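Numbering (our numbering) for the sequence shown: 1 to 63.
Each hint can be trusted.
Straight line, CA to CA, 20 Å or less: simulated EDC-like cross-link-like pairs of lysine to aspartate or glutamate:
{"#": "1", "residue 1": "LYS13", "residue 2": "GLU40"}
{"#": "2", "residue 1": "LYS2", "residue 2": "GLU21"}
{"#": "3", "residue 1": "LYS13", "residue 2": "GLU44"}
FRET-style restraints, in silico, Cβ to Cβ:
{"#": "4", "residue 1": "ILE33", "residue 2": "ARG3", "range": "16 to 22 Å"}
{"#": "5", "residue 1": "SER47", "residue 2": "LEU19", "range": "24 to 30 Å"}
{"#": "6", "residue 1": "ALA35", "residue 2": "ASN11", "range": "18 to 24 Å"}
{"#": "7", "residue 1": "THR48", "residue 2": "MET1", "range": "33 to 39 Å"}
{"#": "8", "residue 1": "ARG3", "residue 2": "ALA35", "range": "16 to 22 Å"}
{"#": "9", "residue 1": "ARG3", "residue 2": "SER47", "range": "29 to 35 Å"}
{"#": "10", "residue 1": "MET1", "residue 2": "ALA46", "range": "31 to 37 Å"}
{"#": "11", "residue 1": "GLU44", "residue 2": "GLU21", "range": "31 to 37 Å"}
Hint data in this document are derived by calculation from the structure and do not stem from the laboratory. Here the structure is a predicted model, which means the values were calculated and not measured. Backbone N, C-alpha and C define an ideal beta-carbon position, used for all residues, glycine too.
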Amino acid sequence: MKRSMIAAFYNGKVIVPFLFEGNCNKSIFESYIQAILIKELNSEQASTTKTFICLYCIISSKN
Numbered sequence: 001m002k003r004s005m006i007a008a009f010y011n012g013k014v015i016v017p018f019l020f021e022g023n024c025n026k027s028i029f030e031s032y033i034q035a036i037l038i039k040e041l042n043s044e045q046a047s048t049t050k051t052f053i054c055l056y057c058i059i060s061s062k063n
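Please work from the sequences and hints to get the whole structure.
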């Protein structure tokens with residue numbers, strides 16, 4: 001099973017990583033943003049005009 005990760009890149013750091021099994025799709029990505037990332041941001045991060053970049057990577061894949 002493929003293991004994947006989504007995380008945000010903010011102010012030179014990777015923040016709020018989320019590990020899951022399988023591939024990323026629209027539903028998983030939207031859930032990450034709405035249910036995980038937004039809830040984990042502190043007030044400074046949430047009110048910033050700086051850009052967040054979301055990263056997606058495959059950790060490992062086993063046949």
